[in-house]
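Residue numbers (this note's numbering), protein chains in the order written: chain A, 1 to 107; chain B, 1 to 388; chain C, 1 to 288.
Hints were generated in silico from the structure; no laboratory data involved.
Since the model is a prediction, treat every value here as computed from it, not as a measurement.
Incorrect hints may appear among the rest.
[What the hints assert, rightly or not] Straight-line Cα separation of at most 20 Å, EDC-like style, residue types lysine to aspartate or glutamate; simulated pairs:
(1) B/Lys173 <-> B/Asp124
(2) A/Lys86 <-> A/Glu25
(3) A/Lys86 <-> B/Asp162
(4) A/Lys86 <-> A/Asp38
(5) B/Lys286 <-> A/Glu80
(6) A/Lys14 <-> B/Glu135
(7) A/Lys23 <-> B/Asp124
(8) A/Lys24 <-> B/Glu142
(9) B/Lys143 <-> B/Glu169
(10) A/Lys2 <-> B/Asp187
(11) A/Lys19 <-> B/Asp176
(12) B/Lys143 <-> A/Asp81
(13) A/Lys50 <-> B/Asp317
(14) C/Lys27 <-> B/Asp124
(15) B/Lys143 <-> A/Asp38
(16) A/Lys14 <-> B/Asp162
(17) B/Lys49 <-> B/Asp35
(18) B/Lys143 <-> A/Glu95
(19) A/Lys2 <-> B/Glu169
(20) A/Lys24 <-> A/Asp81
(21) A/Lys24 <-> B/Asp232
(22) B/Lys173 <-> B/Glu135
(23) B/Lys143 <-> A/Asp93
(24) B/Lys269 <-> B/Asp232
(25) A/Lys34 <-> B/Glu92
(26) B/Lys237 <-> B/Asp124
(27) B/Lys340 <-> C/Glu265
(28) B/Lys143 <-> A/Glu80
(29) B/Lys143 <-> A/Glu29
(30) B/Lys336 <-> B/Glu20
(31) B/Lys177 <-> B/Glu289
(32) A/Lys50 <-> B/Glu289
(33) B/Lys165 <-> A/Glu29
(34) B/Lys286 <-> A/Glu95
(35) A/Lys2 <-> B/Glu289
The lines below spell out each chain.
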Amino acid sequence: MKMLTDIIRNIIRKPSTGKYPYKKEPVPEGFRGKHIYDKEKCIYCGLCAKACPVHTIGVIKDKKFWQLDLSKCIFCGRCEDVCPTKCLRLGNDYELASHKKEDFVIR
Amino acid sequence: MSKEDSYSIPLGPQHPALIEPEYLKVHLDGETIIDVDINIGFMHRGIEKALQQRTYMHDRFLIEKICGICSSIHTLSYCGAVEKLAVIEIPERAKYIRMIIAELERLHSHLLWVGIAGYEIGFDTVFQLAWRDREIVMNMLEKMSGNRVSYSMNTIGGVRRDISKDMAEELRKAMDKIDARLHHYIDVFVNDSTITRRTRGTGILTGKDARRYCAVGPTARGSGISCDIRKDNPYLKYSTIDFNQITHKTLDIESRAVVRLKELLESTKIIRQCLHMMPEGSLSVKVPEIIPEGEVIYHAEAPRGEIFYYVRSDGTDKPYRVKIRTPTLANILSLKPMLKGQQLADMPVIVASIDPCFSCTDRVTLLDTKTGKTKNVDETYLKSLKRR
Amino acid sequence: MIFDILIYPGILFILASAILYSGIMRKLAARMQNRIGPPIYQVFYDIAKLTGKQGIRPVQAKPGYTMFPAIALASALTAGLLVPIYSTIISFPGDYIVIIYFLLFSSAAMFLAGYASANNFAVVGAIRGIVLILAYELPFIIAVIVPMLAFSLNSIHIFDTWLIAYYPLAAISMFLSILAKVEIPPFHIPNAHQEIVGGYTAEFTGKRLALIELTTMVKTFVLILLMICLYLGGAQNIFVLAAKSLAVLLALTVARVLFARLRIEQALRFYWLFALVAAIDLLRVIWI
Numbered sequence: 001m002k003m004l005t006d007i008i009r010n011i012i013r014k015p016s017t018g019k020y021p022y023k024k025e026p027v028p029e030g031f032r033g034k035h036i037y038d039k040e041k042c043i044y045c046g047l048c049a050k051a052c053p054v055h056t057i058g059v060i061k062d063k064k065f066w067q068l069d070l071s072k073c074i075f076c077g078r079c080e081d082v083c084p085t086k087c088l089r090l091g092n093d094y095e096l097a098s099h100k101k102e103d104f105v106i107r
Numbered sequence: 001m002s003k004e005d006s007y008s009i010p011l012g013p014q015h016p017a018l019i020e021p022e023y024l025k026v027h028l029d030g031e032t033i034i035d036v037d038i039n040i041g042f043m044h045r046g047i048e049k050a051l052q053q054r055t056y057m058h059d060r061f062l063i064e065k066i067c068g069i070c071s072s073i074h075t076l077s078y079c080g081a082v083e084k085l086a087v088i089e090i091p092e093r094a095k096y097i098r099m100i101i102a103e104l105e106r107l108h109s110h111l112l113w114v115g116i117a118g119y120e121i122g123f124d125t126v127f128q129l130a131w132r133d134r135e136i137v138m139n140m141l142e143k144m145s146g147n148r149v150s151y152s153m154n155t156i157g158g159v160r161r162d163i164s165k166d167m168a169e170e171l172r173k174a175m176d177k178i179d180a181r182l183h184h185y186i187d188v189f190v191n192d193s194t195i196t197r198r199t200r201g202t203g204i205l206t207g208k209d210a211r212r213y214c215a216v217g218p219t220a221r222g223s224g225i226s227c228d229i230r231k232d233n234p235y236l237k238y239s240t241i242d243f244n245q246i247t248h249k250t251l252d253i254e255s256r257a258v259v260r261l262k263e264l265l266e267s268t269k270i271i272r273q274c275l276h277m278m279p280e281g282s283l284s285v286k287v288p289e290i291i292p293e294g295e296v297i298y299h300a301e302a303p304r305g306e307i308f309y310y311v312r313s314d315g316t317d318k319p320y321r322v323k324i325r326t327p328t329l330a331n332i333l334s335l336k337p338m339l340k341g342q343q344l345a346d347m348p349v350i351v352a353s354i355d356p357c358f359s360c361t362d363r364v365t366l367l368d369t370k371t372g373k374t375k376n377v378d379e380t381y382l383k384s385l386k387r388r
Numbered sequence: 001m002i003f004d005i006l007i008y009p010g011i012l013f014i015l016a017s018a019i020l021y022s023g024i025m026r027k028l029a030a031r032m033q034n035r036i037g038p039p040i041y042q043v044f045y046d047i048a049k050l051t052g053k054q055g056i057r058p059v060q061a062k063p064g065y066t067m068f069p070a071i072a073l074a075s076a077l078t079a080g081l082l083v084p085i086y087s088t089i090i091s092f093p094g095d096y097i098v099i100i101y102f103l104l105f106s107s108a109a110m111f112l113a114g115y116a117s118a119n120n121f122a123v124v125g126a127i128r129g130i131v132l133i134l135a136y137e138l139p140f141i142i143a144v145i146v147p148m149l150a151f152s153l154n155s156i157h158i159f160d161t162w163l164i165a166y167y168p169l170a171a172i173s174m175f176l177s178i179l180a181k182v183e184i185p186p187f188h189i190p191n192a193h194q195e196i197v198g199g200y201t202a203e204f205t206g207k208r209l210a211l212i213e214l215t216t217m218v219k220t221f222v223l224i225l226l227m228i229c230l231y232l233g234g235a236q237n238i239f240v241l242a243a244k245s246l247a248v249l250l251a252l253t254v255a256r257v258l259f260a261r262l263r264i265e266q267a268l269r270f271y272w273l274f275a276l277v278a279a280i281d282l283l284r285v286i287w288i
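Okay, chain A solo, but in the shape it has when bound (with noise of 0.2 Å):
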């Protein structure tokens, strides 16, 4: 019968929970989400397509040519520690579920 304070006290109290798909929850300064990238600033150097440690940035230097498959991503930040000029970094988005694979890569 201990929990009989905690019952009487909930049925109070505002639900914990969130009508999640209807309000979204916020999510932190700092938040590990989908990339936001900015062609215009990127030198295309190559060195997050090093570091990242599941290979899903591509970059050819010639072509300037760079992609990111989010469907590989593990959310590391690692690119975003490495980039040079600060020109990728993860933003707040985590709603990444959709039918089509283009939405998977960042050009």
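Using the hints provided, position chains B and C relative to the given structure of chain A.
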């Protein structure tokens, strides 16, 4: 009744009481368990082999994925081992931050266990409320590291993110909240009559058996054996911190629950001291990509017990061998003496009482019964089985 | 007459309110556990979904696999029709005793359905269920016949006095046996999800699972009605009925969130102890 002519039912590989697939064949006489066969190996992922094919820095992120719950203690041990090999001393502040994250991880892991234990004995309210309170810790971890599960805080040579003054203040407040709840849960687990009916006197593991089956962590401490790497062989800065090692001598499930809950009170104490003692300074030092030749062991106290890392380098940028022994592998055999003679109804909670984490435990050796040849299962073999 | 039996206050009314009460119970339990919980009408959706699903009959299933869930629901509904709420539908003298039999029959049919599905876990669940019947039937029977003996054994009597005040021990044992009859914690032993994978329901899918779920809901509702009729002064109109039944439902929900599951032998000991306690009231009725 002997084991052969008894009625046997499977617990697993797919069973709601075990979240991960593992196969326990239970031999029953009515509802009494007479014996149990423990078969592991359903979750083997070939990680140790995969580690040999990647560089030290890339390994660090794979190591994090070994266990979802103790992701920080794995990287802590691995990074510690590699730093030992490279003979590098990490900054003082980084040591304290590593300890804070490790203790927060213990908090959320044990609170999760409290919920699971409640769920296994059919007490959903304990489950829901313990997990609600666990959210306090999870939110703190998310704020500090940017992710709820894979914190990625430890890196070779230090830590990746700092704990700011505001964050430290918030953490102290969170610890006060957690402390109040912990005292309540200790009261519930010791005094609630329906819980004690299920946990008192069930799943007895005597100190002698615990030693014999090499139990570690809270499982052993619940049998009255003192074994805590933080005390026995202090790593990081644990030698400078004032905390108690908790042991409890009633040997049953309640004992293990009390050990875990009281341990958390010590954890919040450690976190407060760390926040107080943390010096200013840099967060990490640079580590060369090539690690000098040598071999090293590193062990640490994970939430479930002792975690053991052996790393051997052959002077390249990839490790020659990484051997991991997780606490569940040490604990899982102690299920045998715990389960013998118990009721089937108590089986899920007894299995849960060692806080099993099977995905880190599993290892597989294939044995051809005709030729007697053995074959190790590695990453390439597993990938060849993959469906395209 | 036909309207009474089929629509109101007959089968349709009982089914609809049983599902509604199950939804309310889920919502209440969720709020007590500090959750938002599913919407109250969620159970309607669940049942509708289950009836739309394909039913898979396991190869090893024995005869009766399909029949027993239907029998279980039918007997629970018949018991519901016999309960004389504020008007009697098909009641006859001595019908309270018939209610005992129909409810028992409903439980037995459920466990037989478990046996018929021939799954290891379902069989263990069914054994536990049968043992549990042994435990709770005794206090339940005592609790039902105490008010009848106090007035008259062979007439349709709608009790309009609060008998709980006169026979509190019997009333409590009635409440406790409701918990076990509809498998609410701490007595959700036969369908223990963590131990035996849902027990006797393990092999049921689709419409048959819907029947089993509905049986439990209908039984809960019928037992609440019975409790009101016997001990809580009956119900003169639908508002009184709603108020009283929701109060009983609240008490059941508190029990549901407040306790851990007992082991089968602990439950047995507990109920026989309570049968003894309830017998005090029985003795009072007989000799005093």
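We went through each hint and held it up to the structure:
For the proposed pair lysine 173 of chain B and aspartate 124 of chain B, the alpha carbon gap of about 28 Å is over 20 Å, so the pair is violated. Pair hint lysine 86 of chain A plus glutamate 25 of chain A does not hold up; C-alpha atoms about 27 Å apart against a cutoff of 20 Å. For the given pair, lysine 86 of chain A sits about 19 Å from aspartate 162 of chain B by alpha-carbon distance, which is consistent with the 20 Å threshold. For the given pair, lysine 86 of chain A sits about 9 Å from aspartate 38 of chain A by alpha-carbon distance, which is consistent with the 20 Å threshold.
As the CA atoms of lysine 286 of chain B and glutamate 80 of chain A are separated by approximately 17 Å, the hinted pair is consistent with the 20 Å bound. Distance hint between lysine 14 of chain A and glutamate 135 of chain B is fulfilled; the C-alpha atoms sit about 15 Å from each other, no more than 20 Å. Note on lysine 23 of chain A and aspartate 124 of chain B: the hinted pairing is violated, with a Cα-Cα distance of about 26 Å set against a maximum of 20 Å. Between lysine 24 of chain A and glutamate 142 of chain B the alpha-carbon distance is near 16 Å, which keeps this suggested pair within the 20 Å criterion.
Pair hint lysine 143 of chain B plus glutamate 169 of chain B holds up; C-alpha atoms about 13 Å apart against a cutoff of 20 Å. Between the alpha carbons of lysine 2 of chain A and aspartate 187 of chain B the distance comes to roughly 8 Å, so the proposed pair stays at or under 20 Å and holds. The hinted pair formed by lysine 19 of chain A and aspartate 176 of chain B fails the criterion: a straight-line CA distance of about 28 Å is larger than 20 Å. As the CA atoms of lysine 143 of chain B and aspartate 81 of chain A are separated by approximately 18 Å, the hinted pair is consistent with the 20 Å bound.
The hinted pair formed by lysine 50 of chain A and aspartate 317 of chain B meets the criterion: a straight-line CA distance of about 14 Å does not exceed 20 Å. Between lysine 27 of chain C and aspartate 124 of chain B the CA atoms are separated by roughly 14 Å; this keeps the pair inside 20 Å, and the hint holds. For the given pair, lysine 143 of chain B sits about 25 Å from aspartate 38 of chain A by alpha-carbon distance, which is inconsistent with the 20 Å threshold. For a cut-off of 20 Å, the pair hint linking lysine 14 of chain A to aspartate 162 of chain B is broken: about 33 Å separates their Cα positions.
The straight-line distance between the Cα atoms of lysine 49 of chain B and aspartate 35 of chain B is roughly 34 Å, outside the 20 Å bound, and the hint therefore fails. Of the pairs offered as hints, the one joining lysine 143 of chain B and glutamate 95 of chain A holds, with about 19 Å between alpha carbons and a cut-off of 20 Å not exceeded. Using a Cα cut-off of 20 Å, the hinted pair lysine 2 of chain A and glutamate 169 of chain B is violated, with the two alpha carbons roughly 32 Å apart. Distance restraint check for lysine 24 of chain A and aspartate 81 of chain A: the Cα-Cα separation of roughly 28 Å exceeds the 20 Å cut-off, and the hinted pair is therefore not satisfied.
Distance check on the hinted pair: lysine 24 of chain A and aspartate 232 of chain B sit about 46 Å apart at the alpha-carbon level, beyond 20 Å; violated. A threshold of 20 Å between alpha carbons decides the hint, and for lysine 173 of chain B with glutamate 135 of chain B the separation of about 14 Å falls inside it, so the pair holds. Between the alpha carbons of lysine 143 of chain B and aspartate 93 of chain A the distance comes to roughly 15 Å, so the proposed pair stays at or under 20 Å and holds. Of the supplied pair hints, the one linking lysine 269 of chain B and aspartate 232 of chain B holds, its CA atoms being roughly 19 Å apart against a limit of 20 Å.
Annotation: proposed proximity of lysine 34 of chain A to glutamate 92 of chain B is violated, straight-line Cα distance about 33 Å (limit 20 Å). Proximity of lysine 237 of chain B to aspartate 124 of chain B is assessed by CA-CA distance (about 39 Å); at most 20 Å being required, the pair is judged violated. With a C-alpha separation of about 18 Å, the suggested pairing of lysine 340 of chain B with glutamate 265 of chain C holds against the 20 Å cut-off. Using a Cα cut-off of 20 Å, the hinted pair lysine 143 of chain B and glutamate 80 of chain A holds, with the two alpha carbons roughly 18 Å apart.
At most 20 Å may separate the alpha-carbon atoms for a hinted pair to count; lysine 143 of chain B and glutamate 29 of chain A meet this at roughly 7 Å. Between lysine 336 of chain B and glutamate 20 of chain B the CA atoms are separated by roughly 19 Å; this keeps the pair inside 20 Å, and the hint holds. Taking the CA atoms of lysine 177 of chain B and glutamate 289 of chain B, the gap is near 43 Å; set against the 20 Å cutoff, the hint is violated. Taken as a hint, the lysine 50 of chain A and glutamate 289 of chain B pair is honoured in the structure, with Cα atoms around 13 Å apart against an allowance of 20 Å.
Simply put, lysine 165 of chain B and glutamate 29 of chain A have alpha-carbon atoms about 15 Å apart, close enough for the 20 Å limit, and the pair holds. For a cut-off of 20 Å, the pair hint linking lysine 286 of chain B to glutamate 95 of chain A is broken: about 35 Å separates their Cα positions. Only pairs whose Cα atoms come within 20 Å are accepted, and lysine 2 of chain A paired with glutamate 289 of chain B is rejected, the gap being roughly 56 Å.
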